[in-house]
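Colleague: Going down the list, the protein sequences come from chains A and B. Here the first sequence is numbered in this note's numbering, starting from 3 and rising by one per residue. Here the second sequence is numbered in this note's numbering, starting from 109 and rising by one per residue.
There could be a bad hint or two in this list.
[Unchecked claim] FRET-style restraints, in silico, Cβ to Cβ:
| id | chain 1 | residue 1 | chain 2 | residue 2 | range |
| --- | --- | --- | --- | --- | --- |
| 1 | B | Thr111 | A | Arg19 | 34 to 44 Å |
| 2 | B | Glu541 | A | Glu127 | 21 to 31 Å |
| 3 | B | Glu177 | A | Glu131 | 44 to 54 Å |
| 4 | A | Thr15 | B | His593 | 37 to 47 Å |
| 5 | B | Gln825 | A | Met3 | 46 to 56 Å |
| 6 | A | Asp18 | B | Lys155 | 47 to 57 Å |
| 7 | A | Arg120 | B | Ser162 | 50 to 60 Å |
| 8 | B | Thr111 | A | Ala156 | 26 to 36 Å |
Simulated from the structure, these hints should not be mistaken for laboratory data. Since we're looking at a predicted model, the values are computed, not measured. Quick reminder that beta carbons are idealized off the backbone N, C-alpha and C, glycines included.
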Amino acid sequence: MPRVSVSLEVNGTHYDREVEARLLLVHFLRDELGLTGTHVGCDTSNCGACTCHLDGEAVKSCTVLTVQADGGEVTTIEGMGSEADLHPLQEAFWEHHGLQCGYCTPGMIMASADLLARNPDPSEEDVREALAGNLCRCTGYHNIVKAVLAAAQAGVPS
Amino acid sequence: MTTFVGQRLKRKEDPRLITGRGSYVDDITPAGTLWCAFVRSPEAHAKIVSIDTSLAESRDEVIAVFTGEDMQALGILDALPMAWVPPDVEVRNAPHWPLARGEVNHVGDPVAVIIGEGRYAMQDAAEDVFVEYEPLDVVTDIEAALQEGSPLVHSDLGTNTVHEWSLGGGDIEAALAEADVVVERRVVNHRISGAPIEPRGVVAEPRGTGLTLTSATQVPHFVRLFLALLLGESEEKVRVIAPEVGGGFGAKLQVCGEEILLAAAARKLGRPLKWIETRSEHMMVTHHGRDQIAYVKMGAKRDGTLTGIHSRIFADLGAYLMLLTPSIPSLGAFVMSGCYRFGAVQTDITGVYTNKCPTDAIRGAGRPEATHMIEVCMDQLAHELGMDPLELRRKNFFTEFPAETALGIVYDSGDYHGSLDRLLEHFDRDAFEAERSQAAANGKLLGCGFSTYTEICGLAPSRVTGPQGFGLQTGLWESAMVRVHFTGAVTAYTGTSPHGQGQETTFAQVIADRLGVDPANVEIMHGDTGTGPHGLGTYGSRATAVGGEAIVRATNKVVEKAKKIVAHALEAAPEDIEVADGRFSVKGSPEKGMTLAEVAGAAFIPDADWPADMEPGLEETAFYDPENFVFPFGAHVAIVEVDPETGNVDVKRYVAVDDCGPAINPNLIDGQIHGGIAHSIGQALYERIHYDEAGQLVTGTFVDYCLPSAADLPSFQTDRTETPSPVNQLGVKGIGEAGTIAATAAVTNAVIDALRPTGITYLNMPLTPNRIWEAIQGAGTETGGPS
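Chain A on its own, in the form it takes in the complex (with noise of 0.2 Å):
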């Protein structure tokens, strides 16, 4: 298999790899960084455990390859808060009960950050279409959509 070499920025750190040409984002952030937090449900691109941002947009890492992020930057749900510093969309899903096994969460935080960039001030349906690329099969979502416009009101920065 062709290697490549690749150079970005993940969570503010920055890396020079080589990889398969084919290694997935995802991979490459779960196998070669140990950023484990992002997720993979399905091999399909449907439910978005596996979002994360490159170049500051939502993007689904199981259907981006490592190279196509060559030169970018990349936040995971390892970078947008620590237990003893959530970010503001973190602290609302624990608030609010947005999570139960907590598999879907990181990428729905991440959709959610994407979300809240675009529109701070979203309708519930804004945040229902928001996440539809999202599957949850724990929460029915009501509680998903809670934390969202929850965070929304109390202004997540950008």
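Starting from the known structure of chain A, arrange chain B on it as the hints suggest.
Modeller: Just chain B now, with coordinates in the frame of chain A:
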């Protein structure tokens, strides 16, 4: 005194999960791990003529390839387990090996495993295995499989019938004969996937003389037991860990071929092995749920007095019997009386082999099917009688508890009028009728549908479910161990295996109240057979009703010992010590008391006068086997809008009132209800596992198997009534499956209600736009009836 039970505490689980720092099985890769990929059958039914692995084995990255011929070489002593042996019932069980031996019986049946370096490389190598198949005739339809001359899934059995099983009470023939009106419906409960967002996955590590298996499972102790039995290992040498598990919904209540195979191969190769299921594999080979056709007869007198319900069920069990496969339809039979006083109740079940993935427990497991039959037929019957559907329900509700059904099942407690009354406080039927008229004027059809349900959960009293009773070859008790540390901090071990339900929080609340400590200082450990006592896992809405009671009992033992220690230290009588305001103090003299930390200090450093008959330390274990099941109940209403032009259904509103006894943490109850409702709206409207006649899986990905998204669902309105169960000290009933059990009937009834102006009187799920549009087109000539 602070009481934590009942409070909406934020979950202790969440900080690690919202920051991406949880450890799911795919996040765990021990040094030197080899990857596994499976070669799976593209045929639904075929003889394996030959398997050529040479090209795959010639790849540098490949370390080993195993096929079904290698079971003995791998030391796998027996086929995969099936744990239901009902007394006096023959269950025809075809051997099911981790890799197919000689014949494949459904698409996805594993034929070979490739082991070597690299996640992607093993996928490539799997494609280099050439399998020659000789196709056999295929049967996928339940009823066709029972016809004379049907192709046989397992020809040596001579039949596709797995078993016949019945449960009845009262004289059903007489009950239906005395009815003035009997409705008969063919109720189809189609096949669905559990589809947790985290697929399954396994890491197997040989360690010295032992073996550690990390698996996305709901039942680590079952997995350990069967690893030991099937691999001939001594049980103490096998450790099974359920790490963070990304949802289960029954799909991970299983002892899987992949678990056994990876453990055996890791042992043989002396290397850690890892396999992570792809979504396509999940849809193809992780057991499905439901898939029943039921012929239901429900009878009533003209005044609405119910006489009897008879359900003749044909259950599609797929190609093999997995851990609980044939028992699942029977779980619904125990509550076929619903909330109602039927004079006679009869359920007859035939299990059927087909060339499809096996079915087994998926959220609700038999009970969603039962409730769907009962509640949809209640609406059909009300319509035939010309009665209001709620009036028919109210007329027949059990009102005295404990209530014994015609089946001899005793419902522990209930208040069915109460939950329905509460529901109608949130849903104004008159206002809805006004809305309906207005919508009709705009060309839209509005409908509302109710479901007043009860279910059986809190699995379970072992004497009822065990070998001499229902026939499960296991006990279903639960365990807990509560350990107070030197400093007064607490670690408790539960035999349940939570995977999203939040027992790290709720069990901490329960313990904190009893020991007078903060839940922040109570850690709940679970999912590791290497720590704590044996446990039975999380399924059947049992974790709190059974596991929670075990926690209470172990904690109470700690309290009793603590009282003795305090009595010794303060020179008082143990019966005069009480727990109040975070202290163990002498009744009437609150200034004389000790904190739990002080008690623990005394227990860890016994003083010179320590009584000879008192053990040091402060740690207790309890095993709890319930006296009865628990029976949660509630009333749900769905309000839908149907577009007659497209057949599209929009759930406009959904109100649920549920009763699972006193709440430990209301947030978590609401969350379980929300998820359960969404799961069933999915089944009612969108989700269906579909095979074509050749046995090819048509819905093998999330592109064509449609889980509902946020955009498909409304926010839900939830409320609760609290009727304590007398079965356990917390008074709690299970809630994990209630939403799923109640909701398909509410949605189906609402859609039929909306469609009545078009002449449609009955439809089966899934209520897709296509099915509804076609029904509307045909409604002039075919006015509903069985479909």
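Colleague: Taking each numbered hint in turn, which are not upheld by the structure, reported in ascending numerical order?
Modeller: Of the numbered hints given earlier, the structure breaks just one, which is hint 1.
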